[in-house]
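K.L.:
Based on the provided sequences and hints, a complete structural model is requested.
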Amino acid sequence: MSAPGFDSAPAGRQQQDVGSASVGQLISEVTRDMSTLMRQELELAKAEAKTELTKTGKAAGMLGGAGFAGYMVLLFLSIALWWGLANVMDQGWAALIVAAIWAVIGAVLFTSGRSKLRSVNPKPERTVETVKQVPDALKGR
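Counting in the numbering used here, the sequence shown runs from 1 upward without gaps.
Don't read these hints as lab results, they were simulated from the structure.
Computed from a predicted structure; not experimentally measured.
A couple of the hints might just be wrong.
Subject to a maximum C-alpha distance of 25 Å in a straight line, what follows is the list of computed DMTMM-like cross-link-like pairs (lysine to aspartate or glutamate) [what the hints assert, rightly or not]:
| no. | residue 1 | residue 2 |
| --- | --- | --- |
| 1 | K132 | E29 |
| 2 | K55 | E41 |
| 3 | K50 | E29 |
| 4 | K55 | E43 |
| 5 | K58 | E48 |
| 6 | K58 | E43 |
| 7 | K123 | D136 |
P.N.:
As structure tokens, then:
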């Protein structure tokens with residue numbers, strides 16, 4: 001009995017009497033069906049990945065635009081701070097103060113980013129363990 005809306009025989013083939021088929025024919029059919037299933041699953045995965053990558057690309061473009069806008073905001077705020085400080089001191093000293101502030105911010109970001117990078121493990125441990133188990137699972141251990 002098949003599920004509602006589904007034919008138990010693959011598309012383009014009629015159901016055969018299993019009793020009249022040889023073991024070789026049955027294995028051949030199972031192999032062919034598995035191959036078709038894997039091919040269809042791969043095509044579906046490719047289509048889904050393409051759709052998701054398109055959405056990801058658009059989102060990355062928007063984030064890039066937001067990053068550029070943020071850069072422009074910081075640039076003009078830095079210029080405004082420089083001009084504001086130039087009202088109470090020489091322009092050269094005001095520019096050096098703004099540059100020093102940005103140097104401190106950059107050093108803090110660099111230090112924290114480097115420490116986070118050192119804690120990253122580039123080797124996917126769980127995946128390596130799973131891949132090691134596949135041959136044993138296929139052998140029935």
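K.L.:
Take the hints in turn and mark each one as holding or not.
P.N.:
Taking the hints in turn, this is what the structure says about them:
Of the pairs offered as hints, the one joining K132 and E29 is violated, with about 30 Å between alpha carbons and a cut-off of 25 Å exceeded. Of the pairs offered as hints, the one joining K55 and E41 holds, with about 21 Å between alpha carbons and a cut-off of 25 Å not exceeded. A distance of roughly 31 Å separates the Cα atoms of K50 and E29; the hinted pair therefore is violated under the 25 Å criterion. With a C-alpha separation of about 19 Å, the suggested pair K55 and E43 falls inside the 25 Å cut-off, and the hint holds.
Between the alpha carbons of K58 and E48 the distance comes to roughly 16 Å, so the proposed pair stays at or under 25 Å and holds. At roughly 23 Å between alpha-carbon atoms, K58 and E43 fall within 25 Å of each other, so this suggested pair holds. A threshold of 25 Å between alpha carbons decides the hint, and for K123 with D136 the separation of about 22 Å falls inside it, so the pair holds.
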